[in-house]
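Protein chains: 2
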Amino acid sequence: MGVVVPLDEARDPVQSLKPLMELVKEDMEAINRIILDKAVSDVEMIPELAHHLIDSGGKRLRPMLAIAAAKLSGYQGTGHIRSAAAIEFMHTATLLHDDVVDESDQRRGKKTARLLWGNQASVLVGDFLLGQAFRMLVDVGSLPVLKILSNAAAVIAEGEVMQLAAAKNTSTTEDEYLAIINAKTAALFLAAAETGGAIANRPAEEQAALRSYGKNLGLAFQLVDDALDYAGDSARLGKSVGDDFREGKITLPVILSFRRGNEAERAFWNRTIAEADIRDGDLEHAIALMKKHKALEATMERARSYGAIARDALAIFRDCRERAAMQDVIAFCINRAN
Amino acid sequence: MGVVVPLDEARDPVQSLKPLMELVKEDMEAINRIILDKAVSDVEMIPELAHHLIDSGGKRLRPMLAIAAAKLSGYQGTGHIRSAAAIEFMHTATLLHDDVVDESDQRRGKKTARLLWGNQASVLVGDFLLGQAFRMLVDVGSLPVLKILSNAAAVIAEGEVMQLAAAKNTSTTEDEYLAIINAKTAALFLAAAETGGAIANRPAEEQAALRSYGKNLGLAFQLVDDALDYAGDSARLGKSVGDDFREGKITLPVILSFRRGNEAERAFWNRTIAEADIRDGDLEHAIALMKKHKALEATMERARSYGAIARDALAIFRDCRERAAMQDVIAFCINRAN
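Residue numbers (our numbering), protein chains in the order written: chain A, 1 to 338; chain B, 1 to 338.
Among the clues, some could well be false.
With a straight-line cut-off of 25 Å between C-alpha atoms, the simulated DSS-like cross-links for lysine-lysine are [to be verified]:
1. LYS147(A) x LYS147(B)
2. LYS38(A) x LYS38(B)
3. LYS38(B) x LYS59(B)
4. LYS25(B) x LYS111(B)
5. LYS38(B) x LYS111(B)
6. LYS147(A) x LYS110(A)
7. LYS147(A) x LYS38(B)
8. LYS249(A) x LYS110(A)
9. LYS38(B) x LYS168(B)
Far from chain B by the CB rule (all over 12 Å, computed), these chain A residues [as the list claims (entries may be wrong)]:
10. PRO13
11. SER16
12. THR78
13. GLY109
14. VAL125
15. PHE134
16. ARG135
17. ALA154
18. SER171
19. ALA200
20. VAL241
21. ALA264
What the hints contain is simulated information worked out from the structure, not anything from laboratory work.
For every residue, glycine included, the Cβ atom is placed at its ideal position computed from N, Cα and C.
With these hints in hand, go ahead and build the complete structure from the sequences.
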């Protein structure tokens, strides 16, 4: 299990996140208060289950991006706070439903809500958080923001269904896989960044730039996640190396190893991923095949190239603290180990 | 199984629904087109699964009520059509998630989507339909309507969690049960009726009247549903008599029988409902106990009294075709056998 592949030149990823954290610090405190406030319900199980996930030390990257994009857009109001809190609720709802769909036992180093409260409660509390998210957005009252986020909600679900349909299908192409992560992951990054421009009524080209930044950052983020699942350090990741493998998840490292492999190797992927027949030593063999075909390096290479697109997308904005912080996040996503 | 309790004086329930159906006929055709149009996705499984439920012959009572309320409010625009279609999508999403949570095998006389496509797809397609619903509402662009329906989405999920927490608890009180059905069923009836007044910008007292009508109609509808589950005709219901019993669901007939019963009877309810130890002849015995304590009649009596409140709520409107049709629906809900 202890296979750790160095993913990139040494560089402290946490340093890259600091400028963003400094930039949004005050607003994030307000967001955290709103999140606590809106996870409340007379129905005891709702705040209990919601807090399990909310307090579990997620980075709140998506609301931070939404706040940074609003600041970059010169927004002077307060609507970005509730919009960003709604985005985090949408994300939390997705995680709850994901863990049910994937039958996951661990998230961020803790038992999943579905293990502690059951699948049923996880589905329903996810629905509640999604409902609360839209309530908050209606309070903000910006139809453009509502449009962006209702669109994202449908697209994310569409992406999850695509992923379900592709599950265990080793002949999934890289393009098909990109369509999936575009919908299930990048759509919310895109929406988070776009809301910042939309709420400030910025010109179309700036909103398009924010969309492009968010989407490509989201793609990079997901691809790094995929690589880390085979190369990361379990203790720092808060999830076990090989989770995707054990769940038979098709991710880019598998797709590339399958395509670049010989007959015997494809038979291995079909047995383990498609037929879910996993034996002792299979994970180590999978990682060895990925090394042989440089599948993790190729996945990271793709991630870096999406990161470069995200960086260029922001080039139309003036050089400022907000832009610099948002560009540093790209380095964080690519170099992070957790 | 063939225990059929006559629920009310003979009166053809379908006749009571006809005035409403005539009133909304044209708009419902437009709604059906939108529903077909918005259940489309490039992800094959989504339209397949969505259509399984959409085409299964539901009455579309909630969108019909939303349309009728808009007409009663003199609304002249077209936004009520998409709002009503969104309401049906929200309802469909709830049914998909409900069937997963209740582990149901049948709905409307057909196998449930979760049996045919799995729990995972049912959760995700439910999420997709909810996302589409909000997309449609954003297109309508009425913040008051968005507020009503985002609120309903959160309240419905809250009600479902309440029901889950009360599951198998035979000492649930009638008041606690009312709070559950108020949230999980009546909230969407309330919201459907209220949108009609809100979209037409009617005065607060008319919107309050529509809310009261919808809520009490929803309560009556759910209570009749509860009674039918022990008294209905399976073939006409499209679901089996005793489904609630087999699922250990706490409904008003059980609550009343438990409270009115002696020690031995309470032990019976605890064994069957709380401990899920159901043996041959138990359903018949449960129905016999309900007869002994007039639990079904009492449930129907409650339904009729909520129906009366709904009827009175509409009294402030002038006597017109729309009001008459909406009042007739109350009779339909109380006398329906399917």
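Do the hints match the structure? See the list:
1. LYS147(A) x LYS147(B): holds, 14 Å
2. LYS38(A) x LYS38(B): Violated. LYS38(A) to LYS38(B) sits at ~30 Å, over the 25 Å cutoff.
3. LYS38(B) x LYS59(B): holds, 19 Å
4. LYS25(B) x LYS111(B): Violated, because 29 Å separates the two Cα atoms, which is more than 25 Å.
5. LYS38(B) x LYS111(B): holds, 23 Å
6. LYS147(A) x LYS110(A): Violated, at about 34 Å.
7. LYS147(A) x LYS38(B): Holds, at about 16 Å.
8. LYS249(A) x LYS110(A): Cα-Cα ~21 Å, so holds.
9. LYS38(B) x LYS168(B): violated, 38 Å
10. PRO13: Consistent with the label, PRO13(A) stays out of reach of chain B, its closest Cβ about 31 Å off (over 12 Å).
11. SER16: The claim holds: SER16(A) sits with its nearest Cβ about 32 Å from chain B, beyond 12 Å.
12. THR78: holds, 17 Å
13. GLY109: holds, 24 Å
14. VAL125: Contrary to the label, VAL125(A) does not stay out of reach of chain B, its closest Cβ about 6 Å off (not over 12 Å).
15. PHE134: Since the minimum Cβ distance to chain B is about 4 Å, PHE134(A) lies within 12 Å and the statement is violated.
16. ARG135: Nearest chain B Cβ is 5 Å from ARG135(A), so the label is violated.
17. ALA154: violated, 3 Å
18. SER171: Answer for SER171(A): holds, closest chain B Cβ roughly 17 Å.
19. ALA200: Answer for ALA200(A): holds, closest chain B Cβ roughly 19 Å.
20. VAL241: holds, 24 Å
21. ALA264: Given a closest Cβ separation of 32 Å, the condition holds.
The structure is inconsistent with the numbered hints 2, 4, 6, 9, 14, 15, 16, 17, although it conforms to all the rest.
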